[in-house]
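Taken in order, these protein sequences are the chains called F and U.
Counting in my numbering, the first sequence runs from 1 upward without gaps.
Counting in my numbering, the second sequence runs from 1 upward without gaps.
Honestly, the hints are just simulated from the structure, not real lab data.
The C-beta atom is built at its ideal place from N, Cα and C for all residues, glycine as well.
There's no promise every hint is true.
DEER-style ranges, computed between Cβ atoms [unchecked claim]:
{"hint": "1", "chain 1": "F", "residue 1": "S130", "chain 2": "U", "residue 2": "A50", "range": "50 to 56 Å"}
{"hint": "2", "chain 1": "F", "residue 1": "G173", "chain 2": "U", "residue 2": "R344", "range": "26 to 32 Å"}
{"hint": "3", "chain 1": "U", "residue 1": "G234", "chain 2": "F", "residue 2": "V57", "range": "40 to 46 Å"}
{"hint": "4", "chain 1": "U", "residue 1": "E160", "chain 2": "F", "residue 2": "E128", "range": "52 to 58 Å"}
{"hint": "5", "chain 1": "U", "residue 1": "T112", "chain 2": "F", "residue 2": "V57", "range": "32 to 38 Å"}
{"hint": "6", "chain 1": "F", "residue 1": "V57", "chain 2": "U", "residue 2": "A332", "range": "35 to 41 Å"}
{"hint": "7", "chain 1": "F", "residue 1": "N75", "chain 2": "U", "residue 2": "T158", "range": "53 to 59 Å"}
{"hint": "8", "chain 1": "U", "residue 1": "R324", "chain 2": "F", "residue 2": "E91", "range": "49 to 55 Å"}
{"hint": "9", "chain 1": "F", "residue 1": "D97", "chain 2": "U", "residue 2": "P53", "range": "22 to 28 Å"}
In silico contact screen, one side only, chain F against chain U (beta carbon under 10 Å); selected entries [what the hints assert, rightly or not]:
{"hint": "10", "residue": "D56"}
{"hint": "11", "residue": "Q143"}
{"hint": "12", "residue": "S176"}
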Amino acid sequence: MRSRRRWRWGAAVLAAALVLAAGGCGSGASQFIRDDVDFSFIRRVAVYPFYNLSQDVYGGQRVQSVFLTELLERNEVEVLDRGEVLAAVAEMKLHPDAILSPQQVQSLGSRLKADAVFFATVEEYGTERSHANPTQVVTATYQLCEAQTGRVVWSSQIRTDGASLGRKLFGGGSASAFAVARENVRAALGTLF
Amino acid sequence: MKAVLGRHPHAWALAGLAALAGLWMLPATPAPAADDGPDSVAVVVHLLGAPSPQLPAGAAELRAATLDLVAAILQSRGVTVADRAVTENVVRRHVVRTGDSLDPRFLADLATAVRVDALVAVSLLVQGGRLAATVRAVAATDGTLVGVAFAEAEAGATGEPWQAVLARALKQAVPQLAPPGDGPVVLVLPAHAIGLGPDTARLATASLLAAVLAEGRWRPLDPALAAGAAAAAGCDLERLDSRARDVLRQSCRVEHAVAPEIVSFGETGRVDMSPEAGESAVPGRTSLSEFAFSVRLLDLRTGLVDHAFSAHLAGGPVQGWFGRIDHPGEPARIRAAARRVWSRLLGYLEEDAS
């Protein structure tokens, strides 16, 4: 009796793993978190316009839109609206596609009354056609800079593709661009919150 | 949340009622009878795009034909349309060049000088063989919407005259005029589009406003009035800094705003910015294969985002019940997404209010 029950449990776990593998995306990540920073002091954050290095002209904005929604869904921090940040960027004559110095981060944080500022660089966004099956790919590096000092306190580089073991096994196509972008953002934020 | 619900005395009662009954259990709001709506209106038309071989109408004749058709449709419903010359005088006095940004003083002037109950603003886009019409009806007294609709018509290959295409679009686009409601006021800002053209942004805004109106308990302000108030103060709605937020709070008398955004997830290659590329580009709607429609609830006092909701719609055909395959058009898909996000936002607002 016991062995049959164990067999059923094993089958259920295997089935669940297959379902997850079939529906999911593949992610690879590397990350850095400063261990001398108390993240509970970061209550109010701004999201700087994402720097876009991908071949897709809207890659940065697309990933940023997903990032903002996912960040708000987590309800961990207060998030300043995009318009407020854009107004500050224009007022301070900063360029959205520029890497800011620690002093500029401090000034921006002070102008926005934000405890920290999120930055990101979208390196890849689009379809990878190197395999037999075209796959959606998003690679991005996310950073959080403390406004008080301007230094990087968290950084995560994630590559997500729409292929997965299940999809490869059962012949399914790539996950959609939205699903891959969301998985990328979730994987990144999962290392922070 | 008090501010989102506006300063209307019945706001809390309405929100409480909805929260108690549950959104999904309430019966659908019945369509208002035409005779309950505004009795007299002024019609203004704004044109976008350019004549094409399929729709070879000049701006003046297109405007005149639109005014005639809209007036005929409204008069058939028992609505009095103000004299065109009188309306035109007010339009010239306020230099109203676009339907996307209206000075609140223009609306006030219409109410006093032309003595109408509402403004019917028609935005007409001609793009190749496609003609898209967005019609908003705005109460002249308080700037709230009493009707909004969008429709488009395609000039066929059969050599159909442009007047027939225009009539087809306007017949669907002129909304039934609802009576000015007494519910709480909600400010919906013009939608921001990523990877999509301004006409899709306009459609997204109209779809969200239609979802708000159809639900029936809320009074959406016309986004063009918010844009007009911001422009008059030298502010930009795309860059809502503290000054712009103060302008919106004072002119619209709200503490929160709903900011919609529509994002296409289809690939868009790097654009060739050379003049040659611009000249050879064929005008047409950007493809909308896979997209997300999101709304952010902004706190106008602090500039913080209170919450955001997103609806994602995959591209391609939709499989329905019993294997039925549907191929919904772009407007239908955007409308469906708008209804979904508004329903989620409404649930959040009423849960918070209760």
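Hints, verified against the model:
1. Remark: the range hint 50 to 56 Å for S130(F) to A50(U) is contradicted by a beta-carbon distance near 42 Å.
2. In this structure the supplied range 26 to 32 Å holds for G173(F) paired with R344(U), their Cβ-Cβ distance being about 29 Å.
3. Remark: the range hint 40 to 46 Å for G234(U) to V57(F) is contradicted by a beta-carbon distance near 30 Å.
4. Hint check: E160(U) to E128(F), Cβ distance near 45 Å, so the stated range 52 to 58 Å is violated.
5. Taken as a hint, the range 32 to 38 Å is violated for the pair T112(U) and V57(F), whose Cβ atoms sit roughly 48 Å apart.
6. At about 27 Å, the CB distance of V57(F) to A332(U) disagrees with the hint of 35 to 41 Å.
7. Between N75(F) and T158(U) the C-beta distance comes to about 56 Å, which sits within the given range of 53 to 59 Å.
8. Range check, R324(U) to E91(F): Cβ separation about 54 Å, and the 49 to 55 Å hint holds.
9. As the Cβ distance of D97(F) to P53(U) is approximately 40 Å, the hint placing it in 22 to 28 Å is violated.
10. A least Cβ separation of about 5 Å between D56(F) and chain U falls short of the 10 Å threshold, and the interface hint therefore holds.
11. This hint is violated: Q143(F) has a C-beta 20 Å from the nearest C-beta of chain U, more than the 10 Å allowed.
12. At its closest, the beta carbon of S176(F) sits 5 Å from a beta carbon of chain U; the interface hint therefore holds under the 10 Å criterion.
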